[in-house]
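Chemist: Starting from the known structure of chain A, fit chains B and C onto it as the hints suggest.
Below, each chain spelled out in residue letters.
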Amino acid sequence: MRTNGILRVIARFLIPLIMLFGLYIQFHGEYSPGGGFQAGVVFAAAWILFALIYGLDAALAVISQRAQFVLACLGALLYAFVGLLGVMLGGRFLDFRPLLESPQAAQQAGIIAVEFGVGVTVAACSMLFFTFFARRKREIDAVEAGGAD
Amino acid sequence: MAWLGHFNYWIVVILMMIGFYAVIARGNMVKKIMGLNLFQTSVFIMFISAGKIIGGSTPVLREGVTVYSNPLPHVLILTAIVVGVATTATGLALAVRIREAYGTIEDDELVDPANQRPGETRLDGHAGKGDTPR
Amino acid sequence: MVIEFLIDIALLMFLVTVAIAIVRVRDLFSAAMLFAIYSLLSAGLFAILDAGDVALTEAAVGAGISTILFLAVLALTSREEHPAPGTNRLALAVVTVTGACLIYAAGDLPDFGAADNPAQLHVAPYYTEQTYSDMGIPNMVAAVLAGYRSIDTMGEVFVILTAGLAVVALLSVPPRRRRRKPEPGEPEDNT
Numbered sequence: 001m002r003t004n005g006i007l008r009v010i011a012r013f014l015i016p017l018i019m020l021f022g023l024y025i026q027f028h029g030e031y032s033p034g035g036g037f038q039a040g041v042v043f044a045a046a047w048i049l050f051a052l053i054y055g056l057d058a059a060l061a062v063i064s065q066r067a068q069f070v071l072a073c074l075g076a077l078l079y080a081f082v083g084l085l086g087v088m089l090g091g092r093f094l095d096f097r098p099l100l101e102s103p104q105a106a107q108q109a110g111i112i113a114v115e116f117g118v119g120v121t122v123a124a125c126s127m128l129f130f131t132f133f134a135r136r137k138r139e140i141d142a143v144e145a146g147g148a149d
Numbered sequence: 150m151a152w153l154g155h156f157n158y159w160i161v162v163i164l165m166m167i168g169f170y171a172v173i174a175r176g177n178m179v180k181k182i183m184g185l186n187l188f189q190t191s192v193f194i195m196f197i198s199a200g201k202i203i204g205g206s207t208p209v210l211r212e213g214v215t216v217y218s219n220p221l222p223h224v225l226i227l228t229a230i231v232v233g234v235a236t237t238a239t240g241l242a243l244a245v246r247i248r249e250a251y252g253t254i255e256d257d258e259l260v261d262p263a264n265q266r267p268g269e270t271r272l273d274g275h276a277g278k279g280d281t282p283r
Numbered sequence: 284m285v286i287e288f289l290i291d292i293a294l295l296m297f298l299v300t301v302a303i304a305i306v307r308v309r310d311l312f313s314a315a316m317l318f319a320i321y322s323l324l325s326a327g328l329f330a331i332l333d334a335g336d337v338a339l340t341e342a343a344v345g346a347g348i349s350t351i352l353f354l355a356v357l358a359l360t361s362r363e364e365h366p367a368p369g370t371n372r373l374a375l376a377v378v379t380v381t382g383a384c385l386i387y388a389a390g391d392l393p394d395f396g397a398a399d400n401p402a403q404l405h406v407a408p409y410y411t412e413q414t415y416s417d418m419g420i421p422n423m424v425a426a427v428l429a430g431y432r433s434i435d436t437m438g439e440v441f442v443i444l445t446a447g448l449a450v451v452a453l454l455s456v457p458p459r460r461r462r463r464k465p466e467p468g469e470p471e472d473n474t
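Residue numbers (the working numbering), protein chains in the order written: chain A, 1 to 149; chain B, 150 to 283; chain C, 284 to 474.
Bound conformation, chain A alone (with noise of 0.2 Å):
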């Protein structure tokens, strides 16, 4: 789909504007509706976009598989740490007060880090559903066709 003029021009307009929508609402998630598990999936979904209309490879060349990998996991641990920073700062298991000062602002710290975490695992996991889906199609071509000669 490379070739499609009107395609790639689109893509190009659209692409950034959906990416900061996704930072948007991972970001403002707090005073309007949105957070991490959407902006994850609508972050992916730019670069899914992307991956369609230029092609896995300009796409993976962004973003690698190994970077997938591991956003999905730091993620995940991201959110598992900032629970145990609560504990080890003298309070409950995923208990934010003990962050910061104020208990309003250490709530707000929390929430955020914590909703950050979610995101990157969301965009990291929905990316990498793609990836492995959109692969293998090519890898049974190749065997199928290695088999033809």
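Simulated from the structure, these hints should not be mistaken for lab results. Values in this document were obtained by computation on a predicted structure and should not be read as measured data. Keep in mind that a hint or two might mislead.
[Stated by the list, open to error] Here are the simulated lysine to any residue pairs, SDA-like style, with alpha carbons at most 25 Å apart:
id	chain 1	residue 1	chain 2	residue 2
1	A	K137	C	V451
2	A	K137	C	A319
3	A	K137	A	A46
4	A	K137	C	E363
[Claimed, not checked] DEER-style ranges, computed between Cβ atoms:
id	chain 1	residue 1	chain 2	residue 2	range
5	C	A374	A	A145	23 to 31 Å
6	B	E212	C	L375	52 to 60 Å
7	A	L20	C	Y415	22 to 30 Å
8	C	V285	A	R135	46 to 54 Å
9	A	R66	C	F441	15 to 23 Å
10	C	V285	B	E212	25 to 33 Å
[Claimed, not checked] Every beta carbon over 12 Å from chain A, so not counted as near; a handful from chain B, in silico:
id	residue
11	L153
12	G154
13	H155
14	L185
15	V192
16	I203
17	G213
18	T215
19	V216
20	I230
21	V245
C-beta: ideal position from N, C-alpha, C; glycine also.
Modeler: Okay, now just chains B and C, sitting in the frame of chain A:
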């Protein structure tokens, strides 16, 4: 308008019946997973309907609004939707592997290779009607 | 208020119609597209039912990622479903009995949208009244998700991570070469 009090729940039950029928009666695995998703969505609609208050508003605090719908079902369903797509992806990955191993994702063919249609081949040696396994 | 009700009823009727079409249509490509429409309609329904966050998620996940996954799988498997051998009467009977039981049970549920519904009387007033003084953020859904019920959310995040690892484990095995049907006169392909 009294009969409208349960209209949402009736539709939820009907959607659940449709999804349930697709899961147990359809032989194609992709169709089964779609049926499972229909079933799941009916449960989502039921939860969100239970949390709605007539005259309420989206649970984001604003000035001049006093009645908010219940935020708890929203949280439960929000996470359930994302977990739902994750389980769908796992099911579809299993369907892909079954297709590669047996050449089909239809229940009737998996049980009895004689139902296979021409032009489809299987890895385990069944090549259609009358063929014996290796 | 009446307009809200009418939109609610219209969307629910559309949902039933599209769901029946999904089950009946044999072309799986059409079924995947109908499924995207179904998700978009349910996102609209969630928006009408005051669940902005849920509507956003359903629109992004159901109409976006799910459809892409179904299409990717259809490229890997067959596009056409086998014709069903008539209506499955046993399945229809089981489904009808289950549905009849549930409709009977639904009669005992409190009316839709009532403010004295037991679901609204348990912890919901606490969240509505205390969120701002506890957390200082106006979005109650985010506060409950990451604040009050954060251990629950952590479990969900690990479920998603596990599902991602399961897909990787299932699809990173290199595909074996498919055995072709030997043509007459051609030596059999033994790989």
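Chemist: Evaluate each hint against the coordinates.
Modeler: Cross-check of the supplied hints:
| no. | hint | result |
| --- | --- | --- |
| 1 | A:K137 <-> C:V451 | 14 Å, holds |
| 2 | A:K137 <-> C:A319 | 22 Å, holds |
| 3 | A:K137 <-> A:A46 | 21 Å, holds |
| 4 | A:K137 <-> C:E363 | 18 Å, holds |
| 5 | C:A374 <-> A:A145: 23 to 31 Å | 41 Å, violated |
| 6 | B:E212 <-> C:L375: 52 to 60 Å | 53 Å, holds |
| 7 | A:L20 <-> C:Y415: 22 to 30 Å | 28 Å, holds |
| 8 | C:V285 <-> A:R135: 46 to 54 Å | 52 Å, holds |
| 9 | A:R66 <-> C:F441: 15 to 23 Å | 21 Å, holds |
| 10 | C:V285 <-> B:E212: 25 to 33 Å | 26 Å, holds |
| 11 | L153 | 27 Å, holds |
| 12 | G154 | 28 Å, holds |
| 13 | H155 | 28 Å, holds |
| 14 | L185 | 17 Å, holds |
| 15 | V192 | 18 Å, holds |
| 16 | I203 | 20 Å, holds |
| 17 | G213 | 17 Å, holds |
| 18 | T215 | 19 Å, holds |
| 19 | V216 | 18 Å, holds |
| 20 | I230 | 8 Å, violated |
| 21 | V245 | 6 Å, violated |
Hints 5, 20, 21 from the list above are not met by this structure, while the remaining hints are.
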